[in-house]
Amino acid sequence: LEFQKYLYALYSRGIILAVNSKNNFQDAIDVIRDHPHMKLREKYFAAIRINWDDKVANMKSLAKEMNIGLDSMVFIDDDELNRDMMCKLLPEVEVIKLPVDTSLYVKTLMETSLFDSLFLTDEDMLKGQMYHAEKKRQKLAETAIDISDYLRGLNIRVKFEHANINTIPRISQLTQKTNQFNLASQRYSEEHIAQLSTSDDHYVLTISLKDKFGDNGLTGVAIIEKKEDELYWQIDNFLLSCRILGRGAEDALLAYALTEARSAGMTKVTGQFIATEKNMPARDFYKNSGFIKTGEAGGIENWELSLETEINFPNFIQCETL
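So the number in this note's numbering is just where the residue sits in the sequence shown, counting from 1, plus 2.
Hints in this document: simulated from the structure, not taken from any laboratory. There may be inaccurate statements among the hints.
Calculated lysine to any residue pairs in the SDA-like style (CA-CA distance at most 25 Å, straight line) [what the hints assert, rightly or not]: (1) 62 / 106; (2) 62 / 19; (3) 24 / 118; (4) 179 / 24; (5) 289 / 312; (6) 24 / 89; (7) 62 / 9; (8) 280 / 266; (9) 99 / 116; (10) 137 / 167.
Computed beta-carbon distance windows for the label pairs [unchecked claim]: (11) 266 / 12: 16 to 26 Å; (12) 63 / 113: 23 to 33 Å; (13) 159 / 44: 53 to 63 Å; (14) 266 / 27: 33 to 43 Å; (15) 12 / 81: 19 to 29 Å; (16) 149 / 72: 41 to 51 Å; (17) 63 / 143: 33 to 43 Å; (18) 35 / 154: 27 to 37 Å; (19) 113 / 266: 27 to 37 Å; (20) 232 / 44: 22 to 32 Å; (21) 149 / 285: 19 to 29 Å; (22) 143 / 6: 41 to 51 Å.
By construction, the Cβ of each residue, glycine as well, lies at the ideal position given by its N, Cα and C atoms.
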């Protein structure tokens, strides 16, 4: 029970929990759902694998479902064989060796630095709830006629803000942690974001997203350099949390930035795509958004969009500030 309480404390700090168990599903899920001393009920787990498959295969499956890298996962198991197999076959997964004495489980977790963080954002503390809400979205997707029907059914609302003292820590965190949908993969400290947000020649825009299943918080950032003497803005970086990809937030964020640039009298917006091993989901974003590729050198693609082009805001999204 004390071990579960400690895991719940980690959950409350934004650590995602999942089950990887060799067992009969119904026997185990009945305990999770009904046992009077069970602190961690089903809703606290972002994903569950209870079956007789090997735990390495389950770990890969869990990573795919939760859309996180194996190098972000920690495996806790009381069986030495399972731990050894995980270490050998998935070396990128961190493995915690539990002692024989179960009363030392909590002490063992407390002594590791794997779950430490310098600060917590509002989004961190709600992360577990966000994954639970994602399960509900997946169920809606299974009943929707098509993707348009699904997106309309989500009742998506977005809010745009310029960076401010309250959002700077979260913006910095997103630039440090976001890999998949990150067009330039530049990393920024809080101090750097603070400088850019108060600079006359930069513009830091954020998007927050809610839908009928929950609040995803601040999940996207556009960092833009204003080259107003030359009548254009340049997107230095554009990124979005992978957990809201496919819900139109990336298109809404870009459309808002383009509208702001046009209102400021700019004639075009430019951007760069810098490929990494992990950001392939963002590779065609500029192309699909109507940008024209103007060149490539040293692994950096240059893109440009005339602001005479029609700006399309996703019609299934409600905007609080546009």
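Each hint, compared with the structure:
no. : hint                  : verdict
1   : 62 / 106              : violated (29 Å)
2   : 62 / 19               : holds (15 Å)
3   : 24 / 118              : violated (29 Å)
4   : 179 / 24              : violated (32 Å)
5   : 289 / 312             : holds (15 Å)
6   : 24 / 89               : holds (18 Å)
7   : 62 / 9                : holds (22 Å)
8   : 280 / 266             : violated (34 Å)
9   : 99 / 116              : holds (13 Å)
10  : 137 / 167             : violated (33 Å)
11  : 266 / 12: 16 to 26 Å  : violated (45 Å)
12  : 63 / 113: 23 to 33 Å  : holds (30 Å)
13  : 159 / 44: 53 to 63 Å  : violated (28 Å)
14  : 266 / 27: 33 to 43 Å  : violated (57 Å)
15  : 12 / 81: 19 to 29 Å   : holds (21 Å)
16  : 149 / 72: 41 to 51 Å  : violated (28 Å)
17  : 63 / 143: 33 to 43 Å  : violated (19 Å)
18  : 35 / 154: 27 to 37 Å  : holds (33 Å)
19  : 113 / 266: 27 to 37 Å : violated (54 Å)
20  : 232 / 44: 22 to 32 Å  : violated (56 Å)
21  : 149 / 285: 19 to 29 Å : holds (20 Å)
22  : 143 / 6: 41 to 51 Å   : violated (31 Å)
This entry does not satisfy hints 1, 3, 4, 8, 10, 11, 13, 14, 16, 17, 19, 20 and 22, going by the numbered hints stated previously.
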